[in-house]
Amino acid sequence: MNDLALQKIAVSGPTLASMIERINSSPGDTDGLLFGDVASITPTTLSDDPSQTHSDSLLVATISGFLCFNSPLSFYDSAGRVDPTRITTHLNQKTLIGWFSSRRKTPLRPSMREFSVTYSLYSIPNLSLPIQNPNFSFNFRPSIFLLFTTPLQDQLIHTNQYRAYQFLSPKQCFNPVSIDIVNIGPAFRGHYGSFSPNSALPFLSCELRNSTAMNEDRADSYLSGMKQAAKDQAELDMCAEGMEIGKLSQLMGPQAANYTAGLEQLYEKMLAKIESLSRLVEASSAKVLEQENQNRKLRLKVARPTGAE
Amino acid sequence: MSSDFPPYISTQLHYLLNHFPDKLKIENVWSGSKHYSVTLDRFTLVIPYCLDTIKWDIIYNLEFPLAAPDVIFGPDDEDFHRFLMMPGEGDRDSRSRAEFAMSDWNNKDPTRLLALIKELRDQYAAYQRWRAGEIDDDRLKFEISTIMTREGIEMQIISGADKTEEVKFGVPLMHMNINKLVSACPWRHPQKIYLQVIYPVARKYASAPSAPRLKLMSPPELKALFSIDDVKLPSWLDGMCMAEYLPNLEESLGKQVFEAVTLIDFRRSFIEALAPLFGRPLEADPVFCRKATFLATSGPFAFLVYFLLSTQFPKQQPVLMLQSTQHFQSQGVPIKSALLSDYPWSPRWEVSQMAERIFEFLVDEALNFKRYCNESQLQH
Chain A
1 MNDLALQKIA VSGPTLASMI ERINSSPGDT DGLLFGDVAS ITPTTLSDDP SQTHSDSLLV
61 ATISGFLCFN SPLSFYDSAG RVDPTRITTH LNQKTLIGWF SSRRKTPLRP SMREFSVTYS
121 LYSIPNLSLP IQNPNFSFNF RPSIFLLFTT PLQDQLIHTN QYRAYQFLSP KQCFNPVSID
181 IVNIGPAFRG HYGSFSPNSA LPFLSCELRN STAMNEDRAD SYLSGMKQAA KDQAELDMCA
241 EGMEIGKLSQ LMGPQAANYT AGLEQLYEKM LAKIESLSRL VEASSAKVLE QENQNRKLRL
301 KVARPTGAE
Chain C
310 MSSDFPPYIS TQLHYLLNHF PDKLKIENVW SGSKHYSVTL DRFTLVIPYC LDTIKWDIIY
370 NLEFPLAAPD VIFGPDDEDF HRFLMMPGEG DRDSRSRAEF AMSDWNNKDP TRLLALIKEL
430 RDQYAAYQRW RAGEIDDDRL KFEISTIMTR EGIEMQIISG ADKTEEVKFG VPLMHMNINK
490 LVSACPWRHP QKIYLQVIYP VARKYASAPS APRLKLMSPP ELKALFSIDD VKLPSWLDGM
550 CMAEYLPNLE ESLGKQVFEA VTLIDFRRSF IEALAPLFGR PLEADPVFCR KATFLATSGP
610 FAFLVYFLLS TQFPKQQPVL MLQSTQHFQS QGVPIKSALL SDYPWSPRWE VSQMAERIFE
670 FLVDEALNFK RYCNESQLQH
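Residue numbers (the numbering used here), protein chains in the order written: chain A, 1 to 309; chain C, 310 to 689.
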């Protein structure tokens with residue numbers, strides 16, 4: 001079956017920026033996987049001209065996440081053959097729509113291996129994403145290839161360049177696709193209409209308990225209540241730091257005056273949680289960097305001809 | 310040049326440059342590493358193909374020395390990728406051409422880069438043949454089918470700015486090994502003469518197909534023995550095809566090359582005939598005998614005589630140039646005469662007579678040259 005050509009690839013500014021940041025900070029060439037979604041969108045261009053018909057819907061891929069391996073040849077071999085087992089371990093219910101490659105100071109066109117990898121990735125069964133539409137339905141295969149390079153000569157202003165392609169099967173060729181950077185602002189409000197938070201507050205069964213728990217005479221219900229409270233507390237700890245589950249009750253009930261203070265306290269504790277998470281990330285990043293430096297030394301040692309120092 | 314490549318790359322690169330059957334050039338070298346930008350790991354390779362060159366970027370990765378290099382082909386060869394994904398030919402296994410070329414990489418094996426480039430260049434030739442075969446033009450289809458079996462023939466599709474297409478054939482002529490004909494041959498690469506044939510692709514409903522453009526090509530070194538610019542190509546008759554045209558051309562060209570080889574010996578005997586009159590040459594070109602320099606005197610005036618012999622010698626007389634050993638210009642450059650080629654000459658003379666007549670001519674010319682030297686020096 002013929003593939004449908006994408007009209008554009010949308011990526012949010014922060015996602016693209018963090019990709020470029022990862023690429024720039026990696027010691028050499030690198031690559032990674034692209035996750036996201038593909039949807040057909042009916043454009044809402046209002047026009048008074050009745051001769052124009054808008055029956056065509058646009059096929060748009062949205063890159064919502066990525067995984068950078070910090071090295072080339074991460075999920076394929078020198079000949080460009082993809083190892084499916086090295087991809088599926090990273091999927092975790094995310095949808096793979098393609099991959100990216102970054103190489104410094106090289107021409108901005110796909111290389112021999114990049115073509116092979118794209119072809120191989122495209123050909124893996126069971127990785128396609130079903131697209132439903134009133135007019136048609138088909139399976140979108142992971143066919144997007146995003147190429148990042150830097151200019152051949154060092155330049156002060158123009159430091160990175162990128163180009164997106166879609167691999168189309170019948171002709172077996174790369175079709176250039178334009179990239180649409182989605183930013184926050186009125187022009188892009190539509191893109192956030194379907195926004196759903198990734199880490200919502202957990203659903204807690206925070207029923208209004210009688211504050212005098214001592215009145216409970218049945219020990220087993222008391223125990224199960226304790227258990228439930230501990231479980232809820234653990235879930236809340238994932239989002240906020242040092243917030244007691246009991247204090248959430250301040251957000252309900254008759255004492256409306258306490259709402260503001262309670263909510264502020266909740267936000268404060270959530271910020272504290274983020275703070276401590278970022279400290280953790282910082283510490284582990286330092287460890288990762290140390291390990292990477294170690295790895296690089298080992299690699300260079302292996303490459304050195306025997307006997308030479 | 311390659312001193313700044315890490316050892317595992319430079320070993321493979323040197324092996325490639327020394328063992329590739331054609332003359333390769335490295336056009337550009339640079340580094341893709343963030344931290345060690347003085348250590349190089351990528352370069353542009355200029356590869357001769359179909360009487361022209363193709364440029365490929367070879368991308369090694371300093372940070373990942375065990376990984377095979379990647380190749381970026383020219384901007385006009387996007388379709389080559391698709392061709393490489395097709396299954397290989399003949400008794401090879403079912404792997405694609407690209408997989409075959411890249412398989413079994415080993416950064417410690419100095420021959421691997423050579424094997425990769427050779428394989429890819431062969432594939433590129435097959436790709437261009439395949440493209441030419443896809444063109445819907447009856448005359449081209451016929452030419453390709455009759456000439457395909459010729460060894461070493463290469464094709465290339467040239468796209469013009471105005472969407473016109475042409476197919477270029479690089480046809481190696483004659484099965485003779487010119488290098489072997491020349492004793493003490495200094496050429497590292499085999500010298501071949503090629504006929505470049507460029508066919509315009511016929512537009513549908515066009516009138517009679519026009520004749521192809523023909524041109525002889527050879528490596529520049531061959532000029533020392535034989536200049537293809539002197540060859541007059543037989544005319545291309547209406548309705549002719551290459552299989553008809555080539556045998557005549559090859560026959561006449563073969564004769565001319567043999568003659569050029571025998572002329573080396575004639576030039577040598579001429580230079581030897583100069584020795585009794587001028588003394589032993591100061592220096593002489595021992596392989597092609599195109600140049601010889603003697604020291605001559607006219608009374609107390611000592612000067613050098615340069616003999617420059619063309620490949621058309623003795624039809625063309627030698628060009629002489631005199632250089633004083635005693636007169637210098639202000640920068641210390643010795644004063645030289647103009648090129649002298651207007652003196653009595655007959656290609657039918659014996660070599661000894663040629664030498665004598667030049668000697669006689671120079672007896673008079675030396676006086677003119679001495680006067681000229683004195684005058685030039687006075688001006689400074």
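Errors might be hidden in some of the hints.
In silico contact screen, one side only, chain A against chain C (beta carbon under 7 angstroms); selected entries [stated by the list, open to error]: (1) P27; (2) F69; (3) N70; (4) L73; (5) S78; (6) R104; (7) S111; (8) R113; (9) D154; (10) L156.
Computed footprint of chain C on chain A; a stretch qualifies when at least three of its residues, placed anywhere within it, have a C-beta under 8 angstroms from a C-beta of chain C [claimed, not checked]: (11) 79-85; (12) 92-100; (13) 168-182; (14) 293-302.
Straight-line alpha carbon distances no greater than 30 angstroms define the calculated DSBU-like cross-link-like pairs of lysine-lysine that follow [said to hold, decoys possible]: (15) K171(A) <-> K417(C); (16) K297(A) <-> K417(C); (17) K564(C) <-> K105(A); (18) K287(A) <-> K501(C); (19) K450(C) <-> K171(A); (20) K105(A) <-> K343(C); (21) K171(A) <-> K334(C); (22) K343(C) <-> K301(A); (23) K105(A) <-> K501(C); (24) K171(A) <-> K343(C); (25) K297(A) <-> K450(C); (26) K450(C) <-> K105(A); (27) K427(C) <-> K541(C); (28) K105(A) <-> K334(C).
If you're looking for bench data, these hints aren't it; they were derived computationally from the structure. Just so you know, even glycine gets a beta-carbon here, dropped at the ideal spot from N, CA and C.
Exercise for the section: Tell me if chain C covers the stretch 293-302 of chain A under the three-residue, 8 angstroms CB rule, please? Expected result: holds (count 4)
Practice task
Would you check the hint for K450(C) and K105(A), treating anything up to 30 angstroms between C-alpha atoms as holding?
Solution key: The given pair, whose Cα atoms are some 42 angstroms apart, is violated under the 30 angstroms limit.
Exercise for the section: Sort out whether K417(C) lies within 30 angstroms of K171(A), counting only the CA atoms. Expected result: Cα-Cα ~38 angstroms, so violated.
Handout entry: Hint consistency between K427(C) and K541(C) [alpha-carbon to alpha-carbon, up to 30 angstroms]
Key = Violated - the C-alpha atoms of K541(C) and K427(C) are around 35 angstroms apart, more than 30 angstroms.
Handout entry: Given pair status - K343(C), K105(A), alpha carbons within 30 angstroms
Key = Holds, because 11 angstroms separates the two Cα atoms, which is no more than 30 angstroms.
Exercise for the section: For the pair supplied as a hint, K450(C) and K171(A), confirm whether the alpha-carbon distance does not exceed 30 angstroms. Expected result: 24 angstroms, holds
Problem - Satisfaction of hint between K501(C) and K287(A), Cα-Cα up to 30 angstroms - result: Cα-Cα ~61 angstroms, so violated.
Practice task
Take the C-alpha atoms of K171(A) and K334(C), compute the straight-line distance between them, and say whether it is at most 30 angstroms.
Solution key: Between K171(A) and K334(C) the Cα gap is close to 34 angstroms, so the pair fails against 30 angstroms, i.e. violated.
Exercise for the section: Quickly compare the C-alpha distance for K343(C) and K301(A) to 30 angstroms and report which way the hint goes. Expected result: 18 angstroms, holds
Exercise for the section: With chain C as the partner, please determine if L156(A) meets the hint condition of a C-beta pair closer than 7 angstroms. Expected result: 16 angstroms, violated
Handout entry: Supplied contact hint for S78(A), tested at 7 angstroms Cβ to chain C
Key = 4 angstroms, holds
Practice task
Report holds or violated for the interface hint on S111(A), using the least CB-CB distance to chain C and a cut-off of 7 angstroms.
Solution key: Status holds, d = 5 angstroms.
The structure fails hints 2, 3, 9, 10, 12, 15, 17, 18, 21, 23, 24, 25, 26 and 27 (numbered hints given earlier, in ascending order).
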